[in-house]
Each structure stands twice: as C-alpha cells, then as structure tokens.
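Protein chains in written order, with the numbering used here: chain G, 1 to 230; chain A, 231 to 460.
These are calculated hints, taken from the structure and not from any lab test. Among the clues, some could well be false.
Between beta-carbon pairs, the in silico distance windows are [claimed, not checked]: (1) A/Asp-403 / G/Gly-90: 28 to 34 angstroms; (2) A/Asp-388 / G/Ser-48: 55 to 61 angstroms; (3) G/Pro-159 / A/Pro-291: 35 to 41 angstroms; (4) G/Asp-10 / A/Glu-406: 37 to 43 angstroms; (5) A/Ala-308 / G/Pro-159: 55 to 61 angstroms.
Which bits of chain G does chain A cover? Going by a derived footprint, with three or more residues having C-beta under 8 angstroms, they are [unchecked claim]: (6) 65 to 79; (7) 91 to 103; (8) 194 to 203; (9) 220 to 229.
Yeah, the Cβ is synthetic: ideal placement off N, Cα and C, and Gly gets one too.
Protein chains: 2
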Amino acid sequence: MPMDATTLPDVSGLSVGVLGGTGDQGRGLAYRLARAGQRVVIGSRAASRGEAAAAQLSNLPGVPAGVLSGGDNAAACATDIVVVAVPWEGHAELLTGLRDALAGRIVVDCVNPLGFDKQGAYPLSVPEGSAAQQAAALLPASRVCAAFHHVSAVLLVDPHAERMELDVLVLGDDREATGLVQALAGRIDGMRGVYAGRLRNAGQVEALTANLIAVNRRYSAHAGIRLTDV
Amino acid sequence: MPMDATTLPDVSGLSVGVLGGTGDQGRGLAYRLARAGQRVVIGSRAASRGEAAAAQLSNLPGVPAGVLSGGDNAAACATDIVVVAVPWEGHAELLTGLRDALAGRIVVDCVNPLGFDKQGAYPLSVPEGSAAQQAAALLPASRVCAAFHHVSAVLLVDPHAERMELDVLVLGDDREATGLVQALAGRIDGMRGVYAGRLRNAGQVEALTANLIAVNRRYSAHAGIRLTDV
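Bound-form chain G, shown alone (with noise of 0.2 angstroms):
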C-alpha cells in the first residue's frame, strides 16, 4: 500500500534521549524535536554539559518550555527513544558502556562512520557492515533502528528554516520500532521518516552521506533526500 503517515503510531507523548546531544548532528535533532513538542533529554559524559546545552536549546525560537532538559548519558538513556548521535570514533565504547541502561529501549542509531582526505568523505569500513549493526550486535536487548543520517546539521540548528524538506530513511528489523521511528521523524515540519528496509541495509545509507558532502561542496547545498513515487 502506498506510505500513509496517519497510519502511523502516536508518538507525541513518548520522550526522547540525544547520546551525543552536545555535538552538531545531536544538537540540531535535539532542537527540531523540541521544537516539534516532544520532550527530549539531552545525554552527555558530563551532566554539566548536557544541561548547558539543554539550557542554551531552549532559548532558541520556538522551543515550547519545560521540554528541554539535560543530563549525563545515563539520564538521556532513561526515554523512549534513544538517538545516538556520537562520533563514530567512540561509538562502540560508549554503547557498551550503556549496555543495561538502553536495555529493553527503542535505539536509534544516526551515526555515519565516515573518513575525510583532501579529496572529501568517504566511508569507512565497519567489521558489522555498518554503525547501526555494530550498535545492534553491542545492544543485544535493545530494539535498535537506524535513521536520521542525511538531515543537516546546519539546517537543523538553524532557527530561521522553518521546514526541514528531505525524507529520513528508517531502517530496522522490528516493524513496530521502526514505525515508531518514522513517527518520530514525522513530527518535523517537512520531514517523512520512510521505511527503507532492513538493518543489513544501514550500511549503504550511512555511506551515502559521503555522496551528499560532494554534492554540498560542489553546488554549495545542504543537500538532502527525498524519495520520489512514494
């Protein structure tokens, strides 16, 4: 059937963690999903951090109060969903760090495993075939999907772009997880979140975004997708 966002959970009331919150890519979902109303908590290895972060979010436009807050990795990992949006040079040590902690949670993986030479990026390879499947291999007892890899950073935290105007590729094995997620995504002006397929499929999607660097660096973009036909 053809994709049909209504047809999807209701996800407005659910809280969302940011491991890595204080970073680029973390910040910016952090900011769109609070400004979409969600409740979000922002993780860092230094609570102090994550609550400055927390505290400097909100001051941007249109963050409804009360639903920002910050804390340690420990703290964010205590949500519904849990966006990990770390480097990924310390990706596998902080996930298995959090083992217990993300336990029986919903794991989003938007992590993009990427080398940079004077030529551009392009994508490392990952023993598991990709980030997403490292962090499932490391989170055995965690539903863990993929998503949120092509979305700017620079678009995210920008306050005056209204709409974010791209689809979010969602990938995973639990159907109810991944719909969850594509829920999630879809609460962002402008944003589809698509299912895409299956875990084993994460590695591709994350490497593409060595692709939409070029394309930025050629035509000065921030370049991102949309699936067209669907």
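Given the structure of chain G, go ahead and fit chain A onto it with the hints provided.
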C-alpha cells in the same frame, strides 16, 4: 555555486551505446534516450538480438525515426558514451572482452551488485569496492563514470510515463566526463544529472538500490531519489 544545468555541455549530437540493452534497465534507458532524440545503439552478444530490441523500441511512442539501431556489443562500443547495463554476474567478463573497443570512450556503469533472498535485496561485497571501480580497474584506457543506478526499469519502459521525476547521481574522477554524463541524464524529461562524488564513493550508490527495492515492496512504489536544496 548552485546546480545550474544550463552550464552543462550540449550532448545532443553524441551517440550512446547500451551494453546489455536487451535487459530491462538497458532497454528502458535506450528508450528514454532515444525518445529524447539521442542516437542510440543497442548492443547484445548476438547482433540479431540487439537489432530486434532496437526494432521493438523504435515502435514505442515518442521515438523519432532513425535514432535507434542495434547490433553486437562491438557496434554499441563504437559510440561516444557507452552505458553498461549488464547483469552483475557477467560484468567483469564482458568488460574484459571489450577492453580495446572501449579504450578512449566514456563508459557509464549503472550496474548494481545485489543479492536476493527471502528477506529481499542486499548488497554484494565487491573486491574493488563497487561495480564502477571494477570497471575502472578493467578498463584503464576508458573514462569510467557511474550513473543511472536508481531509475525504475518499469517506469523507463512505460510509454505513458511522460516524465522521470528523479535525480541521477553521477560519479567519477574525470570532471569533463561527469559533466557530459550529467548532461545526458538531463536530456530525459524530468531527470537531472547531479554530480555526487568520486568513483570511490560509487559503492554505496549502487548498494542503495537494495533500499529502494525495500521501499518499493513496502509502499508498492517505483521509488527514485531527488536531492533537496540542490
């Protein structure tokens, strides 16, 4: 600078060969390019099969008289731009045999190395990194690009589909060649050819076809990609 298709070269006078032009993707591309007025030569191992495909496509709506012809693979290689649309299984062997015929040509690889099982499509591991990089390794005297991975064969050959609303991601290390391939994609109504990185970033573009297949299954669609903000 922003994407500006008017700065791309005029390729209306260039001829296009299609290797594997009797398969679904090859036939579809040959039809669309011929319909745009491009001179197209459909190649096949047996010249009679190439000729038969050309005769059949020439009868479809919108194809100007005389632009489509068919022959053996060598005939398709005697063109300005040669599109490789063969099954992955025969990719290396075919290109090895055509090395001399393809020397000096612009070669556009649009092959997706995919496997299929009951859970759908998944990317195959390619020692060279991608089909396009394999082509570049096998054809050191050719100018290898990659493009046309995500165009739906069903839509391409549907004579009632007036426009192909999607962007073709064009990859390659030769800027003049990628510009020509971008312009070629732009000859098809609704399509844009967008530069999307060097050949080392072709693997994930090929593999992303597995995700589009998952999208198509879930939503009964013929999904393509548009880049936003470009």
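Between the segment 91 to 103 of chain G and chain A, are there enough contacts, at least three residues with CB-CB distance under 8 angstroms, for the coverage claim to hold? Coverage by chain A is violated for the segment 91 to 103 of chain G (0 residues, Cβ < 8 angstroms).
CB of G/Pro-159 to CB of A/Pro-291, is that within 35 to 41 angstroms? 50 angstroms, violated
Taking 8 angstroms as the Cβ threshold, is the statement that the segment 65 to 79 of chain G is covered by chain A upheld or broken by the three-residue rule? Check failed, 0 qualifying residues.
Please count how many residues of the segment 220 to 229 of chain G have a CB within 8 angstroms of a CB from chain A and say whether that reaches 3. holds (count 10)
Using the Cβ atoms, figure out if G/Asp-10 sits within 37 to 43 angstroms of A/Glu-406. 53 angstroms Cβ-Cβ, so the 37 to 43 angstroms window is violated.
8 angstroms C-beta criterion, at least three residues: is the segment 194 to 203 of chain G covered by chain A: holds (count 8)
Do the beta carbons of A/Asp-388 and G/Ser-48 sit within 55 to 61 angstroms of each other? Once the Cβ atoms are compared, 59 angstroms apart, the range 55 to 61 angstroms for G/Ser-48 and A/Asp-388 holds.
May I ask you to test the hint 55 to 61 angstroms on the CB atoms belonging to A/Ala-308 and G/Pro-159? Distance hint for A/Ala-308, G/Pro-159 holds at roughly 57 angstroms.
Does the Cβ distance between A/Asp-403 and G/Gly-90 fall inside 28 to 34 angstroms? 33 angstroms, holds
Hints 3, 4, 6, 7 from the list above are not met by this structure, while the remaining hints are.
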